[in-house]
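Engineer: Order-wise, the sequence lines are chains A and B.
Residues 4 to 404 in the numbering used here are what the first sequence lists, from first letter to last.
Residues 4 to 404 in the numbering used here are what the second sequence lists, from first letter to last.
Be aware that a few hints might be false.
Chain copies aren't distinguished; within one or between two, either way the pair holds.
Unchecked claim - For lysine to aspartate or glutamate, the following DMTMM-like pairs were computed, each having C-alpha atoms within a straight-line distance of at most 25 angstroms: (1) Lys39 x Asp51; (2) Lys262 x Asp219; (3) Lys297 x Asp120; (4) Lys87 x Asp305; (5) Lys262 x Glu215; (6) Lys20 x Asp327.
Rather than coming from a laboratory, the hints here were simulated on the basis of the structure.
This one's a predicted model, so the numbers in the text were calculated from it and none came from an experiment.
Here is how the chains run, residue by residue.
Number of protein chains: 2
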Amino acid sequence: MIDFPYIGDICQSTPSKVLMLVADGLGGAPHPETGKSELEVARTPNLDRLASRSACGLTTPVMPGITPGSGPGHLSLFGYDPVKYLIGRGVLEALGIDVDMQYGDVAARGNFCTVDDQGRLVDRRAGRISSSESIPLCELLDQIEVPGLDVRVFPVKDYRFVALFRGQGLGENVTETDPQVLEAPPRRVEALDSQGEKTAAAANALIEGVKEVLGDRDRANMVLLRGFSQLPQLPDFGQTYRLNPAAIAAYPMYRGLAKVAGMTVIPAGATFQEEVETLGRHYQEHDFFYLHYKPADAAGEDGDFDAKVEALEELDGFIPGLLDLEPDALIIAGDHATPSILAGHGWQPVPLLIHSKLTLGEGVEAFHERACANGSLGRIQATEVMFLALAHAGKLLKFGP
Amino acid sequence: MIDFPYIGDICQSTPSKVLMLVADGLGGAPHPETGKSELEVARTPNLDRLASRSACGLTTPVMPGITPGSGPGHLSLFGYDPVKYLIGRGVLEALGIDVDMQYGDVAARGNFCTVDDQGRLVDRRAGRISSSESIPLCELLDQIEVPGLDVRVFPVKDYRFVALFRGQGLGENVTETDPQVLEAPPRRVEALDSQGEKTAAAANALIEGVKEVLGDRDRANMVLLRGFSQLPQLPDFGQTYRLNPAAIAAYPMYRGLAKVAGMTVIPAGATFQEEVETLGRHYQEHDFFYLHYKPADAAGEDGDFDAKVEALEELDGFIPGLLDLEPDALIIAGDHATPSILAGHGWQPVPLLIHSKLTLGEGVEAFHERACANGSLGRIQATEVMFLALAHAGKLLKFGP
């Protein structure tokens, strides 16, 4: 958790409820032609009205100039130092397809590739084969036996899959097999410390099995394995803040991140509408809810300014329903910016809104980057948001006599 | 470097170019009569137009209230924690006269003083003798032999000089000889740790030699030595950020600071005009340029508000030429404020401008302290500028998956 050693002394359990809506990729950047950001262009009357009665500001997810992935972006908002607690690439890929990872498991990102009869790479992505071709191949690989371990292979999408290694004494510090260039053979997995030896042996055994199973094929006859990683040991979110927290997210990766933090994941449908309905049904069962909204990020990643505007306007329509639940503290935050002009995640600070009965006299004229820069919260680290949320919900005691 | 342990994982070398113009003493403070700062009074149409299409903000060089010297001010902008990496007084004095310091050398600031026939101080600055008197004295001192070491004495200005000790096993932790009061004899140099013993012995041997060489004189017949220090071991700037960096600075101290960071120093003439011409000639050879502009600081140090305004207006005239080079990221920053009302360095935050193709929709109405305070960058630590510069030039990968 954020470096405040007395957190255990000041958090108190109360019946009050905190609702943290994380709008993925919420922040944007001004369009070079209009000088207005996606949030400035979007018609968001509900968010704007709410911002006029809320404490507003901007969050820095990691530090200026640093563009966070979804892992660090979310961990920061949950209060975890994103530089201290790392989510590996294999883990995130596994979480993203709802693999039930356990502590000690090692996950790797895999992809099919094509090698020639000398075993040298000729296509690092096997012609980007589609899921219809790769799913049966993953089923074959999933049956490869590695003595003493449970090794599983799960399809992700197209040529990508996850390899999961489960057993005693596995470590994550091993090398990757992708040589990054063509005409070289895939590398063997090498241990980088003694803990990694068993993982390296298992990964190499899997690769030997792949040769036997796929070796006769013309393409997608080999695999590359990268991003070997284990679940980090995070302080438990609920225990730390004395909360009974729940996560509602349509996308598996975000459910996975919440699970890593120790939140209860409530199953929901595939749309935000279904997420909100799920929230309503389970509202009495928890005192903290993390609710994830994906579409703004997806549009920003596509570099589609107008689609991002539309996604933000769509989100705006859900605000009255969330307010009807009367959460004691409503947080609207983003894990990072996804400016359409970058067509990807960005380093820009992200709008933040905290609404409680204590903020009714505060506010800014609208909910966007420029207005929030002048809000009463100023610019804060994303890791500090949880303290503000708890404070506004009356869950934090005075620090010191 | 700034405390971000994954910097090696996210920096990537690209052909894009970063130009960091450090306008020394850029920031100022409002004049008590007009309420306007030097930058607000100065007619700077080019900077203002640029600011309207740039990400602007204010930098804190060290922390609020702390006035940095040129060493910490520059190291911060280069991304080094100025509290962790210290440049000693002797080192800075040596760099300021272009002494070619090597790692392990110890430099001390020296000045001539006058002692009576009992060896007691009667004038700590020897009547502030001029360079014409001190230069021949330095030449005499430079010939003093200290067994086992190479000891050099270089004139600085008037009564000041640099003593340089080169040899194996020297340390910097030794006491100074200035008793700070008159009628006391200069102190002997004492080692503060075992590494300092050889330095102390050498410094005392030099002082014995000075007695022999200058003892018959009426004034300037002794020396005081202070600020013993060695080059700090800084992480290499180019290796850290994966850059091929170059420094262009008319004043030796700034070339020295760049050299300490591991930048290639490109020789230039004595004026900013010549610096800019040098930049143009060498623009294809590097992907990062540190360009130093001195006159604004010098005027501020003199407490000459109008001269500082003029120096800023002069700088403004160079902006179109710099833009013609089309750097992918242009940074205009200051190492510290030099408010004319202080007639010295100040602790005030310093205007910052970052211009890239991503900032065309951003901006403030003018380039001065008040406008930059409302800029999209907000107020950041100077140590964070490099990350933003690299991000805007597309040289930073995402942190975490």
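Engineer: Next, verify each hint and record whether it holds.
Structural biologist: Now for the hints, and whether the structure bears them out:
1. Lys39 x Asp51: both (16 angstroms within a copy, 20 angstroms between copies)
2. Lys262 x Asp219: This pair counts as neither: shortest intra-copy Cα distance 41 angstroms, inter-copy 58 angstroms.
3. Lys297 x Asp120: So Lys297 and Asp120 fail the 25 angstroms test inside a copy (44 angstroms) and across (65 angstroms) alike.
4. Lys87 x Asp305: Classified as neither; 30 angstroms inside a copy, 42 angstroms across copies.
5. Lys262 x Glu215: Result: close neither inside a copy nor across copies, 37 angstroms intra and 57 angstroms inter.
6. Lys20 x Asp327: within (13 angstroms within a copy, 52 angstroms between copies)
When held up to the earlier numbered hints, the structure conflicts with 2, 3, 4 and 5 and fits the remainder.
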